[in-house]
Amino acid sequence: MNPFFEFFQRNHALAKIEKVQMTEQTNILLEDLDLKHVPEELFKCTQLHTLFLACNKIQSLPLQIANLKNLRTLALDYNNLEKFPKELTLLEHLKTLNISHNLIKDLTSDIGAFTKLESLWCNSCGLKSLPEEIGMLKSLDTFGARNNFIEDLPEGICRLKKLRWLSLENNRICVLPKYFYQLELLIHLNLNKNGFISIPYQVTKLKKLRYLMMQNNNMFNINQFVLYKMQHVYKINLMHNPIVTSQDIVSKFNNLIMPGSDWQAPAEVEDLNSDESTEDWEESIDSSELDFASSDSDSDDEEVIGEYLPKLLKYLVSY
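Residue numbers (the numbering used here): 6 to 324.
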């Protein structure tokens with residue numbers, strides 16, 4: 006990297022940290038600053054609730070991360086982490102964690118320490134499996150592990166009693182755990198781009214389920230009995246499967262999306278929180294959109310200009 010640009014980026018980060026220290030703000034955005042290490046000065050900001058460190062070059066976390074004892078939200082996506090940072094277990098009050106797009110490959114048993122975690126994102130990490138300890142995340146509401154190499158799900162995932170949103174799109178899963186139906190609060194289930202040959206029977210028992218996404222699997226036939234048991238589901242998307250079926254089946258089930266169907270949104274949506282739209286539950290958000298781009302430390306025009314200046318310099322300075 007150009008030395009001048011590296012100097013500018015680091016000082017830009019330090020200026021943001023100093024501002025947060027002086028004003029005692031609880032949020033800080035340190036994204037896309039080419040940071041190889043978390044600045045030591047940051048660990049003095051013990052009041053922080055939200056820390057965005059996405060799109061940097063961080064390879065590991067120091068033990069001093071424990072100083073941020075009030076941290077609730079941490080974004081570490083798009084970095085160079087090669088293993089799950091054990092140091093994160095020191096953040097006892099963490100509720101939202103995004104480690105997507107790192108080469109972590111294994112969440113390890115340490116993941117079980119996050120009993121207060123409500124949202125976990127580990128998309129595109131090269132994961133081949135999930136540890137049994139995933140079931141210890143008793144507060145987990147939202148879990149995304151898209152674009153990995155997961156073949157089997159642990160029985161522990163069935164213990165996530167508060168889980169309402171689960172995306173396992175683009176893995177290698179063919180079957181669900183025996184007791185998967187114990188996820189009684191599940192509303193959104195994304196199993197697109199896996200290896201299922203049919204709708205798993207466990208899914209029919211999820212009475213809160215409203216959106217089932219199973220596009221691009223290996224389904225050739227549909228069991229009508231299964232569909233009859235899933236009339237409480239608003240949308241069952243089976244597009245891009247090699248299904249051979251009759252128009253009669255398509256016409257019987259208006260919650261079915263497949264070639265020849267004419268799905269329409271339900272007139273009334275029940276069991277969803279009043280402050281959450283159906284689109285919030287239906288769509289799977291891209292990894293790049295998971296982190297909120299605004300914080301208290303980025304509210305004025307001067308700060309906005311400061312965000313764009315170093316990014317422009319990256320292209321203007323070439324020596």
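Keep in mind that the hints were calculated from the coordinates and are not lab data.
Note that this is a predicted model, so its numbers are computed, not measured.
We put the CB at the ideal spot given by N, CA and C, even for glycine.
There may be inaccurate statements among the hints.
Straight-line distance between alpha carbons at most 30 Å, and here's what the computed DSS-like set of lysine-lysine pairs gives [as the list claims (entries may be wrong)]:
no. : residue 1 : residue 2
1   : LYS257    : LYS240
2   : LYS133    : LYS49
3   : LYS213    : LYS257
4   : LYS74     : LYS88
5   : LYS143    : LYS91
6   : LYS234    : LYS166
7   : LYS133    : LYS121
8   : LYS213    : LYS240
9   : LYS110    : LYS198
10  : LYS49     : LYS100
11  : LYS24     : LYS110
12  : LYS213    : LYS91
13  : LYS74     : LYS166
14  : LYS212    : LYS166
15  : LYS133    : LYS41
16  : LYS62     : LYS91
17  : LYS62     : LYS110
18  : LYS62     : LYS100
19  : LYS41     : LYS24
20  : LYS91     : LYS49
21  : LYS121    : LYS110
22  : LYS133    : LYS88
23  : LYS213    : LYS166
24  : LYS74     : LYS41
Derived DEER-like restraints, expressed as beta-carbon distance ranges [stated by the list, open to error]:
no. : residue 1 : residue 2 : range
25  : GLN52     : HIS245    : 47 to 55 Å
26  : GLN236    : GLU23     : 18 to 26 Å
27  : GLU156    : MET244    : 19 to 27 Å
28  : GLY131    : PHE230    : 32 to 40 Å
These are the hints, each one checked on the structure:
With a C-alpha separation of about 14 Å, the suggested pairing of LYS257 with LYS240 holds against the 30 Å cut-off. With a C-alpha separation of about 37 Å, the suggested pair LYS133 and LYS49 falls outside the 30 Å cut-off, and the hint is violated. The suggested pairing of LYS213 with LYS257 holds, with an alpha-carbon distance near 22 Å, which does not exceed 30 Å. Of the pairs offered as hints, the one joining LYS74 and LYS88 holds, with about 22 Å between alpha carbons and a cut-off of 30 Å not exceeded.
Taking the CA atoms of LYS143 and LYS91, the gap is near 19 Å; set against the 30 Å cutoff, the hint holds. A threshold of 30 Å between alpha carbons decides the hint, and for LYS234 with LYS166 the separation of about 22 Å falls inside it, so the pair holds. For the given pair, LYS133 sits about 25 Å from LYS121 by alpha-carbon distance, which is consistent with the 30 Å threshold. At roughly 13 Å between alpha-carbon atoms, LYS213 and LYS240 fall within 30 Å of each other, so this suggested pair holds.
About 20 Å separates the Cα atoms of LYS110 and LYS198, which keeps this hinted pair within 30 Å; it holds. Note on LYS49 and LYS100: the hinted pairing holds, with a Cα-Cα distance of about 21 Å set against a maximum of 30 Å. Taking the CA atoms of LYS24 and LYS110, the gap is near 36 Å; set against the 30 Å cutoff, the hint is violated. Distance hint between LYS213 and LYS91 is unfulfilled; the C-alpha atoms sit about 35 Å from each other, more than 30 Å.
Note on LYS74 and LYS166: the hinted pairing holds, with a Cα-Cα distance of about 27 Å set against a maximum of 30 Å. Note on LYS212 and LYS166: the hinted pairing holds, with a Cα-Cα distance of about 14 Å set against a maximum of 30 Å. Distance check on the hinted pair: LYS133 and LYS41 sit about 27 Å apart at the alpha-carbon level, within 30 Å; holds. Between the alpha carbons of LYS62 and LYS91 the distance comes to roughly 18 Å, so the proposed pair stays at or under 30 Å and holds.
Annotation: proposed proximity of LYS62 to LYS110 holds, straight-line Cα distance about 17 Å (limit 30 Å). The hinted pair formed by LYS62 and LYS100 meets the criterion: a straight-line CA distance of about 24 Å does not exceed 30 Å. Restraint check for LYS41 and LYS24: satisfied, since their Cα atoms lie roughly 21 Å apart, inside the 30 Å limit. A C-alpha spacing of about 21 Å is found between LYS91 and LYS49, which places the hinted pair at or below 30 Å, so the restraint holds.
Distance hint between LYS121 and LYS110 is fulfilled; the C-alpha atoms sit about 23 Å from each other, no more than 30 Å. Pair hint LYS133 plus LYS88 holds up; C-alpha atoms about 13 Å apart against a cutoff of 30 Å. Taken as a hint, the LYS213 and LYS166 pair is honoured in the structure, with Cα atoms around 12 Å apart against an allowance of 30 Å. The straight-line distance between the Cα atoms of LYS74 and LYS41 is roughly 22 Å, inside the 30 Å bound, and the hint therefore holds.
GLN52 and HIS245 have their C-beta atoms about 49 Å apart, which keeps the hinted 47 to 55 Å range intact. Taken as a hint, the range 18 to 26 Å is violated for the pair GLN236 and GLU23, whose Cβ atoms sit roughly 58 Å apart. A C-beta distance of roughly 24 Å is found between GLU156 and MET244, which places it inside the suggested range of 19 to 27 Å. As the Cβ distance of GLY131 to PHE230 is approximately 38 Å, the hint placing it in 32 to 40 Å holds.
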